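S.K.: Chain by chain, the residues run as shown.
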Amino acid sequence: MRNPLSDQVVALKPSGIRKFFDIVSEMKDAISLGVGEPDFDTPWHIRDEGIYALERGRTFYTSNAGLKELRQEICNYLKRKQGIQYEWDKEVVITVGGSEAIDIGLRAMINPGDEVIIPQPSYVSYEPCAILAGAKPVIINLKAENEFRLTAQELEEAITEKTKVLILPFPNNPTGAIMEQKDLEAIAEVIIRHDIFVMSDEIYSELTYKEKHVSIASLPGMQERTILINGFSKAYAMTGWRLGYACGPHAIIQQMTKIHQFAIMCAPTTSQYAAVEALKNGDGDVEEMKISYNQRRRFLMNAFQEMGLECFEPFGAFYVFPCIKEFGMTSEEFANAFLEAEKVAAVPGTAFGDSGEGYLRISYAYSLDTLREAMTRLNRFITGLRNEAKEA
Amino acid sequence: MREELLAVIEKNSRIDLKELAVILGVEEVDVVNELEAMEKEGIICGYHTLINWEKTSNEKVTALIEVRVTPQRGQGFDTVAERIYRYPEVRSVYLISGGFDLMVILEGKTLREVSSFVSDKLATLDPVLSTATHFILKKYKDHGTVFAQKTEDEREMITP
Numbered sequence: 001m002r003n004p005l006s007d008q009v010v011a012l013k014p015s016g017i018r019k020f021f022d023i024v025s026e027m028k029d030a031i032s033l034g035v036g037e038p039d040f041d042t043p044w045h046i047r048d049e050g051i052y053a054l055e056r057g058r059t060f061y062t063s064n065a066g067l068k069e070l071r072q073e074i075c076n077y078l079k080r081k082q083g084i085q086y087e088w089d090k091e092v093v094i095t096v097g098g099s100e101a102i103d104i105g106l107r108a109m110i111n112p113g114d115e116v117i118i119p120q121p122s123y124v125s126y127e128p129c130a131i132l133a134g135a136k137p138v139i140i141n142l143k144a145e146n147e148f149r150l151t152a153q154e155l156e157e158a159i160t161e162k163t164k165v166l167i168l169p170f171p172n173n174p175t176g177a178i179m180e181q182k183d184l185e186a187i188a189e190v191i192i193r194h195d196i197f198v199m200s201d202e203i204y205s206e207l208t209y210k211e212k213h214v215s216i217a218s219l220p221g222m223q224e225r226t227i228l229i230n231g232f233s234k235a236y237a238m239t240g241w242r243l244g245y246a247c248g249p250h251a252i253i254q255q256m257t258k259i260h261q262f263a264i265m266c267a268p269t270t271s272q273y274a275a276v277e278a279l280k281n282g283d284g285d286v287e288e289m290k291i292s293y294n295q296r297r298r299f300l301m302n303a304f305q306e307m308g309l310e311c312f313e314p315f316g317a318f319y320v321f322p323c324i325k326e327f328g329m330t331s332e333e334f335a336n337a338f339l340e341a342e343k344v345a346a347v348p349g350t351a352f353g354d355s356g357e358g359y360l361r362i363s364y365a366y367s368l369d370t371l372r373e374a375m376t377r378l379n380r381f382i383t384g385l386r387n388e389a390k391e392a
Numbered sequence: 393m394r395e396e397l398l399a400v401i402e403k404n405s406r407i408d409l410k411e412l413a414v415i416l417g418v419e420e421v422d423v424v425n426e427l428e429a430m431e432k433e434g435i436i437c438g439y440h441t442l443i444n445w446e447k448t449s450n451e452k453v454t455a456l457i458e459v460r461v462t463p464q465r466g467q468g469f470d471t472v473a474e475r476i477y478r479y480p481e482v483r484s485v486y487l488i489s490g491g492f493d494l495m496v497i498l499e500g501k502t503l504r505e506v507s508s509f510v511s512d513k514l515a516t517l518d519p520v521l522s523t524a525t526h527f528i529l530k531k532y533k534d535h536g537t538v539f540a541q542k543t544e545d546e547r548e549m550i551t552p
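Those protein sequences? They're chains V and Y, same order as listed.
For what it's worth, the working numbering labels the leading residue of the first sequence as 1, then goes sequentially.
For what it's worth, the working numbering labels the leading residue of the second sequence as 393, then goes sequentially.
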């Protein structure tokens with residue numbers, strides 16, 4: 001029989017997180033700090049709106065780009081929060097999570113051989129999506145000394161004649177890094193000068209603990225070269241509803257909608273109705289969850305400080321990214337040993353790119369009680385390692 | 393800080409002061425001062441424990457009593473409310489808008505004890521026009537906490 005598989009797909013590296021997942025799922029009573037989704041339930045009024053949509057029999061397809069009302073609410077939201085004006089009928093497409101938007105956005109923009117710049121550590125799907133779209137991924141290894149922000153110089157050095165798109169993943173998973181206005185202005189200048197485009201994944205935009213999030217699309221000259229990706233998963237604790245969106249120049253959104261139409265048809269209708277409610281009446285819920293996350297973030301930073309574990313202070317998403325280089329182990333070795341010894345699962349930084357080596361991603365989408373217990377165990381674990389090192 | 397501090401201790405009044413300061417991003421001494429100030433100002437009125445008495449062997453009966461009263465000249469409902477809340481078995485007294493005036497929450501050991509309180513003490517007060525007593529059969533949720541079941545974390549252990 002012929003080989004039924006695509007060489008390109010077979011050659012894709014499986015997600016590094018998968019391997020660790022398999023080890024962890026063997027261990028039933030482990031404390032996990034490895035989850036990339038909120039611990040809150042979707043606020044009830046949003047769920048209720050989903051239920052109501054089902055009761056009313058709103059179970060049909062929506063238009064390919066998504067419900068008119070939802071697209072309009074998204075435009076209101078972006079105007080209100082980021083000061084960016086989009087036309088609901090030309091510049092918005094509702095997708096199945098932010099993930100689909102990443103996929104179809106790249107497919108809509110890439111010609112064979114184009115280069116896509118991907119700063120890492122970052123979310124696991126940018127690189128494979130770029131490859132599947134026919135691009136050559138060009139990785140920028142972000143540095144701890146820059147608090148894992150992307151600098152203009154790093155970007156400049158990565159750009160070639162073939163560069164088409166920069167993926168800008170901030171607030172960042174897994175580092176928790178943010179890009180502030182001044183950081184964005186510096187790279188916007190480079191982007192415009194080299195005439196490239198930006199795919200700005202702002203799925204964690206609501207979860208920043210310093211200044212309010214600034215979108216690169218709001219900077220002068222940037223809206224016309226930015227695909228802004230966002231969604232409902234993180235802000236409204238709606239991961240399972242699978243709903244995201246992309247906003248950008250009509251020419252790109254039009255082509256993205258074409259792919260979306262053939263591959264997906266439309267995003268889930270129930271989720272779209274629930275999302276309208278989230279945007280209309282969900283600001284208070286977001287604020288409340290953000291306060292909780294921020295408390296936990298402070299708790300963890302303090303715990304690291306007390307145990308003398310190096311960690312830059314992250315101001316976004318719900319992750320901290322402590323450095324474990326002092327123990328002379330790789331991230332994977334450390335994560336496995338920690339899991340083995342103390343039954344706590346934290347994801348090795350290398351799951352998010354080679355530059356995650358020497359770091360762990362710790363999610364704080366967990367209750368303070370869970371985090372407290374996990375930090376007690378982490379302290380015990382690293383104290384043991386340090387004592388061993390002393391004796392040796 | 394006040395509002396966030398109150399929100400935290402409303403859910404967990406036993407939280408360690410040092411940890412409270414850490415999660416609020418302030419100094420411990422500021423937390424202590426703020427708590428003292430709010431105690432003095434009568435904003436913080438106590439540090440109670442939420443108990444699901446149904447799980448103990450201690451039998452308790454709780455009743456909600458709707459009370460219609462005649463307000464008194466110059467004092468409105470305050471005097472009669474005071475007459476009622478002075479009884480130690482009365483847990484809460486609220487002035488209510490709508491079909492009746494005062495909502496009285498009463499706790500007793502037995503049905504008989506509660507009903508005799510209503511008939512002997514409450515109903516006989518001069519300004520009280522009528523009462524309607526409702527006994528609580530089961531508490532599903534109290535003070536924002538669901539009694540019924542412990543929810544488990546159903547998320548996958550590891551997700552990107």
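Do not rely on the hints blindly, as some may be mistaken.
Stated by the list, open to error - What follows is a list of derived Cβ distance ranges for each label pair: (1) Y/Glu548 - V/Asn64: 51 to 61 Å; (2) Y/Tyr439 - V/Val9: 51 to 61 Å; (3) V/Glu87 - Y/Thr551: 32 to 42 Å; (4) Y/Asp408 - V/Asn141: 53 to 63 Å.
Said to hold, decoys possible - Which bits of chain V does chain Y cover? Going by a derived footprint, with three or more residues having C-beta under 8 Å, they are: (5) 66-79; (6) 90-101; (7) 188-196; (8) 339-351.
Keep in mind the hints are simulated off the structure, nothing from the lab.
The structure presented is a predicted model; accordingly, all values stated were derived computationally and were not measured.
The C-beta atom is built at its ideal place from N, Cα and C for all residues, glycine as well.
S.K.: Could you run down the list of hints and mark each one as holding or not?
M.R.: Hint check results:
1. Y/Glu548 - V/Asn64: 51 to 61 Å: 30 Å, violated
2. Y/Tyr439 - V/Val9: 51 to 61 Å: Roughly 60 Å apart at Cβ, these two residues keep to the hinted range, so it holds.
3. V/Glu87 - Y/Thr551: 32 to 42 Å: 34 Å, holds
4. Y/Asp408 - V/Asn141: 53 to 63 Å: Since Y/Asp408 and V/Asn141 have Cβ atoms about 40 Å apart, the given range 53 to 63 Å is violated.
5. 66-79: With 0 residues closer than 8 Å to chain Y, the region 66-79 of chain V misses the three-residue bar; violated.
6. 90-101: Violated - the region 90-101 of chain V has 0 residues with a Cβ nearer than 8 Å to chain Y, which falls short of three.
7. 188-196: violated (count 0)
8. 339-351: holds (count 3)
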